[in-house]
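Following the hints, complete the assembly by docking chain B onto the known chain A.
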Amino acid sequence: MTANLVNILMGGVFHAAILFLVAAGLQVVFGVQKIFNLACGSFYALGAYTGVSAVGYFTAHGGPPALFIIPLALGGLAVGLVGVVVERGLLRFVYDRDETFQLLLTFALVLMLEDLIRMTWGTAPVSTGGLYLNYGQARILGATVPVYNLIVIAASLAIALGIGWLLSRTVFGRIIRAAADNREMAEALGVDMRWVYVRVFTLGTMLGTLGGALVIPATAAMSEMGIELIVEAFAVVVIGGLGSMRGAFVGALVVGVLRSVAISVYPELEMLLIYLIVIAVLIWRPRGLFGTAAA
Amino acid sequence: MATTRREFLKVAGGAAAAGAVGFPAVARGQARPGVPSDPVKIGIIAIRAGIAAPVGTAGLRGTEWWAERVNKSGGILGRQVQLIVEEESNPKDTVERYRKLILQDKVEVVIGGISTGVTLALGPVAEEMDTPWLSWDGTTQKGVEETMPNPKWAFKSVDNEVEAIVAGTLTPKYFKGVQTIAGINNDYSYGHDCWETYQAVLKKMGMNVKPVLELFPKLGVTDFTSHIAAIQQAKPDLLMTSFWSGDATILMKQAAAVGLFKNMKGVFTTAGGVHDSLKKEFTPEGLLLGYNTMYFDDPKGSPLLKQFVREYKAKYNEYPAYESDHAYFNIESYKVAVEKAYAQTKQWPTKAQVVKALEGVEAESLSGTRSWRPDHIQMCNFYQGLTTHKNNYDFVTINPIEVVSTKTAMKPAGSKLLDWINGWKV
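Protein chains in written order, with our numbering: chain A, 3 to 297; chain B, 53 to 478.
I should point out that these hints are in silico values taken from the structure, not numbers from a laboratory. Heads up, the beta-carbon is just placed ideally off N, CA and C, and yes, glycines get one too. Fair warning: there could be bad hints in the mix.
[Unchecked claim] Label-pair distances were calculated between CB atoms; the ranges are:
(1) B:E363 with A:M114: 30 to 36 Å
(2) A:G138 with B:S457: 41 to 47 Å
(3) B:N369 with A:I72: 25 to 31 Å
(4) B:T397 with A:M273: 53 to 59 Å
(5) B:G169 with A:A110: 24 to 30 Å
(6) B:K459 with A:H63: 49 to 55 Å
(7) B:K228 with A:A110: 53 to 59 Å
(8) A:G138 with B:K228: 29 to 35 Å
(9) B:E179 with A:F109: 34 to 40 Å
(10) B:K270 with A:A110: 21 to 27 Å
(11) B:T440 with A:L69: 45 to 51 Å
(12) B:E120 with A:M114: 30 to 36 Å
[As the list claims (entries may be wrong)] Here are the simulated lysine to aspartate or glutamate pairs, EDC-like style, with alpha carbons at most 20 Å apart:
(13) B:K270 with B:D239
(14) B:K204 with B:E370
(15) B:K270 with A:E230
(16) B:K152 with B:E179
(17) B:K387 with B:D90
(18) B:K332 with B:E370
(19) B:K270 with A:E270
(20) A:K36 with A:D183
(21) B:K270 with A:E226
In isolation and in its complexed conformation, chain A is listed as follows (with noise of 0.2 Å):
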């Protein structure tokens, strides 16, 4: 009975952790340029197949299989630097357009980069292989979890305390919390919003690049992938409140957990379940459970 209650909300969890880095870089993006990114889905598969890519080139040039999470990792973030030329090249032109037109770009983005994608990768699924069993299984209270399973909640968790001492204790943070307040106060204190919107848009985008690699040696890369995540994004994005931080990691948890729990009890509510929550939280707390007025 433990056994199953730890497996059940191990899985939970790790989807949790996943969802979160996703969901992370929707939030600090909204939260400071107010542009919803419908693209952090694709930046989340172009992370996995850069992540498969990178590993494959790691060991196939000897590297110690033990240690490709490194290549993994460094991969995932160095592809983040898309965001750079995303931002530059397209969104600063439609900062002071309509919000549809942003939304009708960072769509045009998705598809434009599951093409990309294709054409870089192909159409077949591609995998890290076995990897992901290297590091073995740890027993906890008679469940048996994978060790890079916990690795990954591991380095979730990490990044959001990352995130939070951050936006928290640097003068960056302080910037991107003066920004996501009042733009035009900031920009008459003297901040450079170009900056701070490219260094925003790619810590966001790095965030899904990187949640795509860490996940990656447990699945298999396909090109749609990242639609499946988005749309539970959205959920956690509601249910956490729109541009909150501490929103997209407890949203996050409820949305993993409450879907590994459905899956187990009642599989037929797994979908149903986490909207049911999204509803409730709209009506209760129509900004979600973190959200401000201002975002």
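Just chain B now, with coordinates in the frame of chain A:
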């Protein structure tokens, strides 16, 4: 974006035709009397995006391989072959492209279609357009029974549920003591039908099994950790799945990470789309695995199959999926039918004459001879067996290879699937 892709394909098709003109005269063959000299246009509907992209691509590559060989050896009755490829996407758009192939490109036949939703939409259109259509795949029973009962122009793939039927008949042989089963199948008609059929066959085979869990994740899910936790909780003796794309690999990998198959039998009815991604590291021995139609490592495989696999691997650095085989047979059977009709009339046959010639025709596929049943259903062999690590690859193969013909594993024309199974005398 779709338009751009179509435009690109148009140019690519034109380039291919121009290339064909450049073939040495000896290789191009001489057109027979009564046969036009211009290339014969063949429309191809291929899915290259989304979850079915790997099999769609495999089907297209099998077709292109065929076209290259046929053109080098003189074409069909001396006519060079020109493929005009259109994208398979949603039913509405695909139907439009299908009409365009016939009305604008003036193709003589349309071949392809994988997704059940798309092929069900194409069926009635094929009947309207008076042009033969040979489907690669996408023919789950319920849909076919409802929308294409007596096709005149449409030629349909083998019943998809055959894989589950074959697995059901082999389960008592390999996994005798099983008492409880669980199923994880995709949440669409194929997944539901396979699970239902598999259980019906087990019952008919005298296995008194109790289903303890059924999961139907959406297509495209990449994290089955929670599903596996649910399976662990249900503790079935056997897990059955009809996953056939990347999800089969993911399930196998995530199951291995928690040692799911240490105390559980496994039945994977079809791995034909991703067989080479089922690495030994995470795919245990002793699972019942289906290869759908073509088994590339079959020591008894034909020289044609061996050549195809060799050249495919060399060109694309991967192994072909089962859809190459369906696609190869479809287009080869068209050639055979045209030649058969010509032998009678000494004229390039009309579309209606081709359809008549296709009925009951036999032609070579990559995995041996196949045929079209008079009711326009493809007849072929299925390959299933227990996974083994004893081979030269880094992925599992099956041994022994059980070869089951659709002549025995597919319901006869006109009957209902479950009625037919329930009527078996075992």
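**Prompt:** Which earlier hints can't be squared with this structure?
**Reply:** Numbers 11 and 14 - these are the hints that the structure violates, sorted from lowest upward.
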